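**Q** For reference, the chains in residue letters:
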Amino acid sequence: MIEIRFHGRGGQGAVTAANILASAAFKQGKYVQAFPFFGVERRGAPVTAFTRIDDKPIRIKTQIYEPDIVVVLDPSLLDTVDVTAGLKDGGTVIVNTEKSKEEVLEKLKKKPGKLALVDATTIALEILGLPITNTAILGAVAKATGVVELKYVQEAIKETFSGELGEKNAKAAEEAFNKTVVYEL
Amino acid sequence: MAEYKPIRKVVSGNYAAAYAAKHARVQVVAAYPITPQTSIIEKIAEFIANGEADIQYVPVESEHSAMAACIGASAAGARAFTATSAQGLALMHEMLHWASGARLPIVMVDVNRAMAPPWSVWDDQTDSLAQRDTGWMQFYAENNQEVYDGVLMAFKVAETVNLPAMIVESAFILSHTYDVVEMIPQELVDEFLPPRKPLYDLADFSRPFSVGALGTPNDYYEFRYKIAKAMEDAVKVIKDVGREFGERFGRDYSEMIEKGYVDDADFVFMGMGSLMGTVKEAVDLLRKEGYKVGYAKVRWFRPFPKEELREIAESVKGIAVLDRNYSFGQEGILFNEAKGVLYNTSARPIIKNYIIGLGGRDFTVQDVKAVAENMKKVIEAGKLDREVEWYHLKR
Amino acid sequence: MNSLFGEKKARAEKLVFTSVDQYPEAPITLGTTLINFTGDWRTFIPIVNDEKCVKCYICWKFCPEPAIYIKEDGYIGIDYDYCKGCGICANECPTNAITMEKEEK
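Residue numbers (the numbering used here), protein chains in the order written: chain G, 24 to 208; chain C, 1051 to 1445; chain L, 683 to 787.
These are computed hints drawn from the structure, not numbers from a lab.
Source: prediction; values computed, not measured.
A virtual CB, placed ideally from N, CA and C, is assigned to each residue, including glycine.
The reader is advised that the hints may include incorrect statements.
[Said to hold, decoys possible] Straight-line alpha carbon distances no greater than 25 Å define the calculated DSS-like cross-link-like pairs of lysine-lysine that follow: (1) 50/G - 1338/C; (2) 181/G - 1093/C; (3) 1338/C - 79/G; (4) 79/G - 1093/C; (5) 174/G - 1330/C; (6) 1338/C - 111/G; (7) 111/G - 1093/C.
[Said to hold, decoys possible] Some chain C residues flagged as far from chain L (calculated, every beta-carbon gap over 12 Å): (8) 1166; (9) 1211; (10) 1212; (11) 1268; (12) 1269; (13) 1273; (14) 1280; (15) 1286; (16) 1304; (17) 1312; (18) 1361; (19) 1378; (20) 1396; (21) 1411.
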């Protein structure tokens, strides 16, 4: 079972990202589970969301304490939230940022096995005209982790957002997939 | 019978409930919003707005009115559905007695949420269990699939015995968690769940009558007995419907208590709802570590599966009852029920109560293991250290 | 005297349940109004004078029982099986077409 934790701010779509990732993995034939931190989310406040992916039905009904993968949608969270809390040894961290590998690693309390960086905000602004990075970042997840293929991410995005909005978000994911830089540490 | 090809979707527990209501072809929905229930009703409203479902939606000013509207609709012969949580369910309380007393097969989803204060929106079973004596059947879902299946089966059972039924799911842990659900094509649901046949025809003006008539001391007693009898009869109906569901759609619900490793266990964990998913996962791990443990997941709390519990008690040395609920001045509610069921039998396993997860406190695989460790010691000692354990309490 | 008087009473069969199986499954009407002729409670009986009646039906609206009905000819009739003799109809009638008289039983 692969456990993924998303960090974002209320309104950025971390919960939607977790759900879309689950739908994408489901399309690829996996069993999935996606849920928000069981809290009272407010716009702007730090939020977390989770996805579990497995080859067999998922029975466990608890929060995720030791993720394999951490996805950070908002770079400012690195200063206020311990995003690597509980991260498995050798785990992957994916960050939406324009900063360098060194600058990001300095802010992480635990050194991941793999670090993936992408400036999803710029991509979202260019393609969607809005700084909502939840779909773009999923392109980075596909690139950095291989838990799900980009085409399934795009299919799931188009199912979530209909028409032109879906096309644009799918394009944002593809753009992020192409621009994500992955560092094996 | 048409061939069964399930439609698999990734949906939340609440959406599973909404889809089930739609597939059950409910005719009237009356509800009032409350977290974490609201997205059930929002989804149903969306079905109506999109023209996907022909449902009369009655907007109301409170949960009390929601149930009152469902009672009116159901008395007129319609298939009625609603959903609520916690304080909303408590506000319905008077009308819950009315629904069962008038013998109306209304189906409701209660999203278990802790009663305030302190204010809480998280999972806790005390809201639904406080409605224990209202004459409603209660089914506790472990996962989103069981929410969907539960609603469909509940209508069939309710309309057979003419009693209302409550499908209970966990706040957030199911209600807002996306999971894979196998849905049943509409025509096959229709075969399983034909249109309702009401006890009486309210629109028969050649024979006017009133519903919920006066019952003097000379008559009231007999009507109460009839409810008690219908609830008893429901045990067989539930098993039959659960078996039929399994034959048609591959998921068997003929057991009112789902059992795992009971025949080869020193002790079992007993509990209800989503927490039992985590328990199952933990039990598999514990067995690999050499613990002789099993589980008994109580699906139906009303009617209570007395015989099945007695059979389990005959074969194990201990039962660890996990209650995400509490009856102040007594103990965990399932624990209390279980002890009562076993009193007039010769089975005397050690039975211990663990109060867990109140107000959404996470109950993890590690927690299940810790309970197993404690229960193992109790059984080795042959006597209880204490009857009720406030497991998570910060000391 | 109204022709309905005693008609229902004459054909009523008292519903008595002596075993639980005889009861209806749900507590719908037990037929109590079919056997409980409240007209027996009356001391004063309303008498209608059709010559004064203007067919305003105010009595019909006010009767709490309701034991007043509208006949085919448009005049009102009183169902004496159920009229308790409360006198509200006589009190409300704007033309004094209804009078309350002591009833000899």
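**Q** All the hints need checking, so say for each whether the structure fits it.
**A** Consistency of the hints with the structure:
1. 50/G - 1338/C: violated, 32 Å
2. 181/G - 1093/C: holds, 20 Å
3. 1338/C - 79/G: Given pair residue 1338/C, residue 79/G holds - Cα atoms ~18 Å apart, limit 25 Å.
4. 79/G - 1093/C: Not OK: residue 79/G and residue 1093/C at ~28 Å, beyond 25 Å, violated.
5. 174/G - 1330/C: violated, 34 Å
6. 1338/C - 111/G: Measuring from Cα to Cα gives roughly 23 Å; hence the hint holds.
7. 111/G - 1093/C: This hinted pair is violated, its Cα atoms lying about 37 Å apart.
8. 1166: holds, 35 Å
9. 1211: Non-interface label on residue 1211/C violated, nearest chain L Cβ at 10 Å vs cutoff 12 Å.
10. 1212: Nearest chain L Cβ is 6 Å from residue 1212/C, so the label is violated.
11. 1268: Violated, because the least Cβ-Cβ distance between residue 1268/C and chain L comes to about 8 Å, which does not exceed 12 Å.
12. 1269: violated, 6 Å
13. 1273: violated, 5 Å
14. 1280: violated, 8 Å
15. 1286: Its Cβ never comes within 12 Å of chain L, the nearest being 17 Å, so this holds.
16. 1304: holds, 26 Å
17. 1312: holds, 37 Å
18. 1361: Holds, since 31 Å exceeds 12 Å.
19. 1378: Check passes; 33 Å lies beyond 12 Å.
20. 1396: holds, 33 Å
21. 1411: Per Cβ check, residue 1411/C is outside 12 Å of chain L; nearest 42 Å; holds.
The structure shown violates the earlier hints numbered 1, 4, 5, 7, 9, 10, 11, 12, 13 and 14.
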